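The opening residue of the sequence shown carries number 1 in the UniProt record's numbering; numbering runs sequentially from there.
In short, the hints are calculated from the structure, not lab data. Mixed in with the good hints, there may be bad ones.
Pairwise CB distance ranges, derived in the manner of DEER restraints [said to hold, decoys possible]:
#1 L29 with A139: 18 to 26 Å
#2 N176 with T44: 37 to 45 Å
#3 P15 with I118: 54 to 62 Å
#4 L29 with G140: 21 to 29 Å
This structure is a prediction, so every number in the text was calculated from the model and none was measured. By construction, the Cβ of each residue, glycine as well, lies at the ideal position given by its N, Cα and C atoms.
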Amino acid sequence: MVNPETWVKDEKITPATLNSRIRDVNIGLSEPAHAVLWGSPAYTITGNGATHELRFSSASANRMKLLTTGSVRRGATVTEAGVYDVELQVTSMVQGGAPDSHLIIFLTVNGKLVGRGIFTARTAYQQTAHTKRLLHLEAGDHVTARCFTDSGRVMEFGYSTSGSTGCRFSMHRIGNYPWTPWS
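Given these sequences and hints, build the entire structure.
Listed below in structure tokens is the structure:
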């Protein structure tokens with residue numbers, strides 16, 4: 001949302017000026033900048049001591065640019081600075097190695113880790129890890145999701161036929177930053 005103009009002392013307000021400011025606020029409230037990525041193509045990631053970028057099979061965005069590689073959605077680029085509510089839920093089956101392991105997920109901004117969710121994974125069962133953060137993001141920031149499991153373990157994705165329950169990555173703008181008090 002474009003920042004609405006500020007009021008100036010002794011400013012003459014015309015109906016056109018008032019309407020334009022009301023319109024800007026309504027657009028910002030009814031159509032906030034957001035991106036939602038969901039579902040997971042069928043693929044595996046083998047733990048090797050590094051984090052790996054997550055992939056999503058479907059996506060929707062409004063006033064944000066989706067990051068894609070071919071038909072795979074990887075994240076989104078922010079087009080409007082502000083405070084964003086960012087949430088990541090990942091479901092995977094961790095296989096191989098010891099009976100217990102970890103499914104760790106990360107939110108990243110421009111490659112920097114900014115949030116983490118962790119679940120102790122049991123072999124042969126689907127596990128879900130979750131994280132949610134409020135982030136101050138600037139226009140041009142790339143927001144992506146990554147995951148990690150122990151070396152020798154394999155994370156399997158793509159079990160949900162609808163894709164809606166497997167993996168979900170969402171972000172939406174909730175306001176300006178810094179918040180400025182009324183003067």
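Outcome of the hint check:
| no. | hint | verdict |
| --- | --- | --- |
| 1 | L29 with A139: 18 to 26 Å | holds (20 Å) |
| 2 | N176 with T44: 37 to 45 Å | holds (42 Å) |
| 3 | P15 with I118: 54 to 62 Å | holds (55 Å) |
| 4 | L29 with G140: 21 to 29 Å | holds (24 Å) |
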